[in-house]
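Number of protein chains: 2
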Amino acid sequence: MSIVHVNTEGGRYAIHIAPRILQQLATSIPENTTSIVLISNTTVMPLYGEIVKRSLSVTAKPLHVLELPDGEAFKNLETLNTIYTFLLSKGVDRKSVIVALGGGVIGDISGYAAATYMRGIRFIQVPTTLLAQVDSSVGGKTAVNHTLGKNMIGAFYQPIAVDIDVDVLKTLPEREISAGLAEVIKYGMILDADFFAWCEENVQKLRALDPDALSYAIHRSCELKAQVVSEDEKETGLRAILNLGHTFGHAIETALGYGTWLHGEAVGCGMVQAAELSAQVLGLPREDVERIRNLVTAIGCPVVAPNLGTNKWIELMKIDKKSEGGKIKFVLLPKIGEAVVRTVPNEDLGLVLSKTVK
Amino acid sequence: MSIVHVNTEGGRYAIHIAPRILQQLATSIPENTTSIVLISNTTVMPLYGEIVKRSLSVTAKPLHVLELPDGEAFKNLETLNTIYTFLLSKGVDRKSVIVALGGGVIGDISGYAAATYMRGIRFIQVPTTLLAQVDSSVGGKTAVNHTLGKNMIGAFYQPIAVDIDVDVLKTLPEREISAGLAEVIKYGMILDADFFAWCEENVQKLRALDPDALSYAIHRSCELKAQVVSEDEKETGLRAILNLGHTFGHAIETALGYGTWLHGEAVGCGMVQAAELSAQVLGLPREDVERIRNLVTAIGCPVVAPNLGTNKWIELMKIDKKSEGGKIKFVLLPKIGEAVVRTVPNEDLGLVLSKTVK
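Chains A and B, in that order, are what the protein sequence lines are. Using full-length UniProt numbering, read the first sequence as starting at 1 and increasing by one per residue. Using full-length UniProt numbering, read the second sequence as starting at 1 and increasing by one per residue.
All the given hints hold, so there is nothing to weed out.
Chain copies aren't distinguished; within one or between two, either way the pair holds.
No farther apart than 35 Å at their CA atoms in a straight line, the calculated lysine-lysine pairs in the DSBU-like style are these:
#1 Lys-335 x Lys-205
#2 Lys-318 x Lys-61
#3 Lys-327 x Lys-53
#4 Lys-90 x Lys-358
#5 Lys-234 x Lys-322
#6 Lys-61 x Lys-234
#7 Lys-61 x Lys-327
#8 Lys-95 x Lys-53
#9 Lys-312 x Lys-53
#10 Lys-335 x Lys-95
#11 Lys-95 x Lys-234
#12 Lys-327 x Lys-355
#13 Lys-53 x Lys-234
#14 Lys-329 x Lys-90
#15 Lys-90 x Lys-312
#16 Lys-329 x Lys-61
#17 Lys-95 x Lys-355
#18 Lys-322 x Lys-90
#19 Lys-327 x Lys-90
#20 Lys-95 x Lys-318
#21 Lys-170 x Lys-205
#22 Lys-312 x Lys-234
#23 Lys-170 x Lys-61
The set of hints was computed from the structure by calculation and includes no laboratory data.
Using the sequences provided together with the hints, build the complete structure.
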């Protein structure tokens with residue numbers, strides 16, 4: 001088992017990465033737990049629900065199971081209320097523990113429910129998609145979407161453990177692997193040029209789910225993310241660089257309706273747009289832009305964005321949480337392995353938008 | 001102006017207590033604020049909205065004003081969503097500041113909106129009821145009600161300032177003064193026997209809104225609460241004693257429907273029930289029970305609870321956030337000025353319920 005430690009003001013915890021970790025979940029449940037709430041969705045529960053229930057039954061704690069509909073479209077205030085009602089009707093108390101079994105949607109909404117139910121109860125992330133394993137389950141960002149913007153309602157709230165079973169990726173659709181790899185290569189782009197080069201060399205192994213390559217990619221991604229989050233839990237500065245490609249990506253998701261493109265696909269495409277913007281504004285070499293475009297293509301993500309019209313793009317990007325006083329902030333790359341956050345002139349943005357949409 | 005400092009892990013801030021503080025609110029708005037959102041209700045806005053808008057206009061920051069319906073019945077997820085939609089539609093960003101002008105309902109729901117909008121933006125409490133001034137605006141508890149329980153959805157989230165204008169109490173209905181005094185005498189009961197005795201002596205002055213008596217009572221209440229919250233922000237131990245009377249009180253509020261009894265009235269009555277339970281279980285002297293009953297009567301709060309039937313009482317009290325593993329926990333008094341938290345035998349509880357309802 002490989003372990004990554006996360007230390008934040010909001011809590012210290014370990015990320016455990018190993019095959020067959022679903023069978024050992026009981027070790028993550030604290031002694032004084034009064035009951036366990038397993039939250040998953042209609043896709044993951046049939047695949048892994050029984051294994052997880054059996055493994056949690058070792059604790060001999062009362063177990064309540066909630067199955068939610070699958071998809072980003074359900075990461076909203078209505079589903080959240082379904083969770084609250086379930087917790088209250090089962091008598092779930094402050095010493096209970098929520099186990100979130102699923103992808104980013106399950107992790108985000110269950111984590112947010114844990115953050116706000118009775119002003120906060122403990123929860124454990126058991127991410128079952130690559131994207132959730134390398135990104136959303138780590139660092140304590142929890143949220144639901146509002147009809148006017150993605151992840152607009154949320155909290156910084158750390159889990160007490162993250163348990164990553166690499167075996168579960170075998171049942172993941174290929175498209176979800178591609179979406180997850182977008183966040184993996186992101187860490188190389190913003191923080192670690194060597195890791196970016198490693199991804200270029202190993203992209204076929206990663207897409208073929210080679211266990212060693214995948215385990216290393218997950219470990220390194222979690223490690224890089226944990227470093228950033230430990231320095232800046234609440235995104236007052238550094239943490240914002242993790243949003244590379246997300247300003248464009250969120251606009252795509254909002255415009256097309258959540259779930260049309262997978263989050264990772266929108267981010268993959270957004271990173272190519274951010275690279276073009278970096279070339280325009282910061283002089284990122286063309287060669288690096290092409291390396292990025294090629295790697296995003298190689299992982300299987302789109303590199304051409306939908307044509308929303310410049311005004312609509314700008315309107316949607318303004319809702320981004322990094323905006324201040326109506327100014328949109330972008331994560332840009334002076335070079336591969338280094339990121340900065342800044343505003344850009346409207347002409348540059350318009351130019352890049354016209355170049356990166358079809 | 002008198003000042004009480006609050007130091008918690010979640011933030012350090014000052015409580016300012018003075019007449020005419022509404023006219024000086026601009027001094028509490030940080031320099032880097034991008035916009036201000038004033039949230040109030042249909043009762044308070046016509047009384048103080050213009051003064052506050054004028055005082056905030058000194059900052060020259062954009063000001064957005066939201067008026068909500070008045071009453072505990074509106075402290076719910078639906079009103080919360082009204083706030084989120086307003087904030088998003090006005091382009092409110094992470095550097096904006098929410099100013100909550102009103103009683104406990106406005107403070108709780110605006111504070112919770114601030115805690116969760118974009119994972120947290122800054123807010124200032126400007127409490128306009130005595131209850132909010134001495135209790136709910138201090139300490140960072142924010143929440144909304146769920147149909148299955150009061151304050152079940154919430155967060156610990158500290159304001160950046162609390163500005164208490166004692167002049168506004170002049171327009172407060174007498175019944176609300178009584179409800180606020182219930183929380184004032186609570187601090188004496190759990191922490192400070194001398195302050196309890198001072199309240200006994202000064203109860204008529206307090207009800208007549210004598211400015212010196214009121215200012216002292218508010219200052220001492222905030223000071224005692226700040227002590228407790230500084231030691232235990234997230235209610236892992238000590239802070240629970242602030243819930244004296246609340247286990248009974250919340251059951252009354254839930255059973256009758258929020259807003260039938262004022263929160264302070266339910267707590268006042270609940271403190272008499274807690275005193276009787278303390279006599280039964282811990283041997284609190286009869287004389288002290290009678291002092292408590294007399295003072296609750298003297299401040300103008302009810303001392304006889306509605307007859308819900310023992311089973312209904314117990315069912316409602318189990319939803320309390322202090323419950324663990326289905327066991328109800330009560331704040332009890334070994335003597336006036338000292339509090340403990342514990343479970344009690346069912347027979348004792350049944351006996352006290354039968355004695356304290358009509």
